[in-house]
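Required output: the full structure, derived from the provided sequences and hints.
The chain contents come next:
Number of protein chains: 2
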Amino acid sequence: VEAGDQQALSVLMDPLHAADIADLLEQITQSDRADLIQLYDREFDGEILSELDESLREEVIGFLRPDVLAEAVRELESDDVVDIVEDLDEPHQEAILEHLEDADRVAVEQALAYPEDSAGRLMQRETAWAPEHWNVGQCIDHLRNAEELPEQFYHVILVDPKMRPLGNVTLGRIMSSHRDTRLSDIVEEMFQVIPVNQDEEDVAYAFNQYHLISAPVVDESERLVGVITIDDAMSVLDEEHEEDILRLAGVSEGSLSDTVSETARQRFPWLGVNLFTAILASVVIALFEGTIEKYVALAVLMPIVASMGGNAGTQTLTVAVRAIATKDLTGANVWRVIRREVFVGLLNGLAFAIVMGAVGVLWFGSMELGYVIAAAMVANLVVAGFAGTVVPVLLEKMGVDPALASGTFVTTVTDVVGFFAFLGLASIMLT
Amino acid sequence: VEAGDQQALSVLMDPLHAADIADLLEQITQSDRADLIQLYDREFDGEILSELDESLREEVIGFLRPDVLAEAVRELESDDVVDIVEDLDEPHQEAILEHLEDADRVAVEQALAYPEDSAGRLMQRETAWAPEHWNVGQCIDHLRNAEELPEQFYHVILVDPKMRPLGNVTLGRIMSSHRDTRLSDIVEEMFQVIPVNQDEEDVAYAFNQYHLISAPVVDESERLVGVITIDDAMSVLDEEHEEDILRLAGVSEGSLSDTVSETARQRFPWLGVNLFTAILASVVIALFEGTIEKYVALAVLMPIVASMGGNAGTQTLTVAVRAIATKDLTGANVWRVIRREVFVGLLNGLAFAIVMGAVGVLWFGSMELGYVIAAAMVANLVVAGFAGTVVPVLLEKMGVDPALASGTFVTTVTDVVGFFAFLGLASIMLT
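So the protein lines, in turn, are chains C and X. Counted from 1, the first sequence has number 10 at position 10 by the numbering used here; the numbering is strictly sequential. Counted from 1, the second sequence has number 90 at position 90 by the numbering used here; the numbering is strictly sequential.
Hints listed in this document are in silico derivations from the structure and should not be mistaken for laboratory results. You may find that some hints are simply not true.
What the hints assert, rightly or not - Covered by chain X, per the in silico footprint, the following chain C stretches (three or more residues, Cβ under 8 Å):
hint : segment
1    : 95-103
2    : 165-178
3    : 193-201
4    : 224-235
Stated by the list, open to error - Taking lysine-lysine pairs in the DSBU-like style, the calculated list, with each CA pair at most 35 Å apart, reads:
hint : chain 1 : residue 1 : chain 2 : residue 2
5    : X       : Lys327    : X       : Lys397
6    : C       : Lys294    : C       : Lys397
7    : C       : Lys327    : X       : Lys327
8    : X       : Lys294    : C       : Lys294
These figures come from a predicted structure and were not determined experimentally. Built from N, CA and C at the ideal position, the CB exists for glycine as well.
Written as structure tokens, this is what we have:
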């Protein structure tokens, strides 16, 4: 493909959707990317920029000729331009803004005035609205002659004389009703208004919880300023999930197209925290050096207790982190959930205590060792159930994202408790 | 609230959305749930059943009086009924089906004939369509007189005489165009058709990737049989994400309202697998019992090497699992990603080798011990980068969900390599 044949390239690329082209650009090497963009130059679609991973946008924008960039950006809707521009550094931002028409530039600049990750950044400013007293016929005639309509819209928003939204009427209902039906008679039952400063995470939650398709956005005086549609909410939901999954594993951000040193640097802090907690666990082990010297079997078996506790703790904390995110775990049921997880830990602790006790006895021929590992197993799985729920709940209370920090705390607890219980019991029982 | 005051309850509950009532039912205890439902009985909304967690549906259906249940179900759309019915056991299924009107029952039974988790189960059967040669006026007149329209629709689907979908026209475009505009002139650029047997995961991917709002569903002969809307796709996406997060932590399913023994049983298998791999790591340690007996410091430090490898491996595999799910990691770039992760492991391995080497020397006053732990650290983080990418890719190739099984394999590899490298090097260097 990279043989420099521009015509062949166009034939191959034209049937592809912008999202697929963006994926392609993300998957090839940096030099291939430069070549490809230079070849494909003249017909570069602004949508590709929208779809591209944030980390690559600056690079790709740097490759584009100014006139091509101008053309690409001018095709886009204002909320897509905001999405592109907000992550760029100053010079790149200005390069894009100066290519926009005046009205669009003002719109983008106003959107950028809202806080990052707020509904104001997410919304589109063009809305389809109608006064509450109109009927279907008036509404259709108005829409047919309106100049500034959103490219995609699914509801007409009914507003009062002060431009405060009163309800949504679906286009489907409008089209299937007679011209003299009053809009206020066919208004949707479900109606949610989004404050312009609301966090986008809460916006996505509302869409998902109430199955919204679009929702009007209002300012502090409850006046209509824009509309958010489900596709925007869906991409926020997708990003939030992605973030949660990666945070649970201690990966903060980044993409497959980052360089080796960028990625290494991103992963370093979490590994550093883990090193610190691992050393903490080692200090606990060091307390019992004398016992281990006498019974090497302890060194062989001790990682098992810690590892089981870590796994049980991770299971519990993942369930808790998710339940907090979906608002299924609240003040109302937190104690019941903790009690449940402790009993789950007890039950599985007993089951694995029997298995590991038997392994200890058979492998090392010592009843005492069997008892010790069995007791440590029960203790550690109970603690895992407790810490796995309490830690994320407390972090949430303290305003820290539980997905980000729970893992470290919980495995520190299970490591320390696991080693301490096992080696401590051993030093009492075996000496 | 549970004082038995039916009127007060209605006042409290009526303003709530069905989704919120379902959340409430999920958070209270089983006996409170029974009381609440009996009180709220007469006005039980079918939507609440839709919103309720699968694990609670049978319980709640059991509490409802047959006539209330019949009323509740009859209000629902056929795709919601399918969603409720498909997870129930036979007697509950029939209890619901017999309350439906004949046409609805046939529709539900036909949907159930499609494979589980396929587009056929997800779609609604009512569609708004128009012949390709119609103009806007004909289309509006038709919709105004049509009897069987979907409750929510956003596009009119253009079809050829054989009922094969040709394109989508948004309602917004129809309403803002003049009556004599041909529908085929205002058709959407973006158009995706979904085969009825397609997996719902792929359906959600297509909606997310191409920003679809609704898409026609076709059977084997490419005839239109239904339509899937973005809200259905959004809930599938949400479920898939949930599943991925939980699977990465070794939790297969379940909810906060399961009983203790159910939850313990669900978590047991993964802990069992972990026990097996932990024992494998212990066998490696046992190979070096003699060396540990002489140098107890090894027992103190060895969990650090394993833990760092496990964490680095988890970081890598989470990124890889996500990249596979979002189709960012494909055959085209797999070798480049593996090479990159190995180098990231090398870089962070070297960094932590210096730190840990210094800790080893300072703590135990032995240069040799410092060298050993440093070398083992580098080796284990490189292996973590390699295994963290290769394992999920291979699992995916073998048709196993990489989210489910990667964790075990990768941490087994890092545990075994970590202990073997550290203790093996120690037995050579220190003796």
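In rising order, the numbers of the hints this structure does not comply with:
1, 3 and 6
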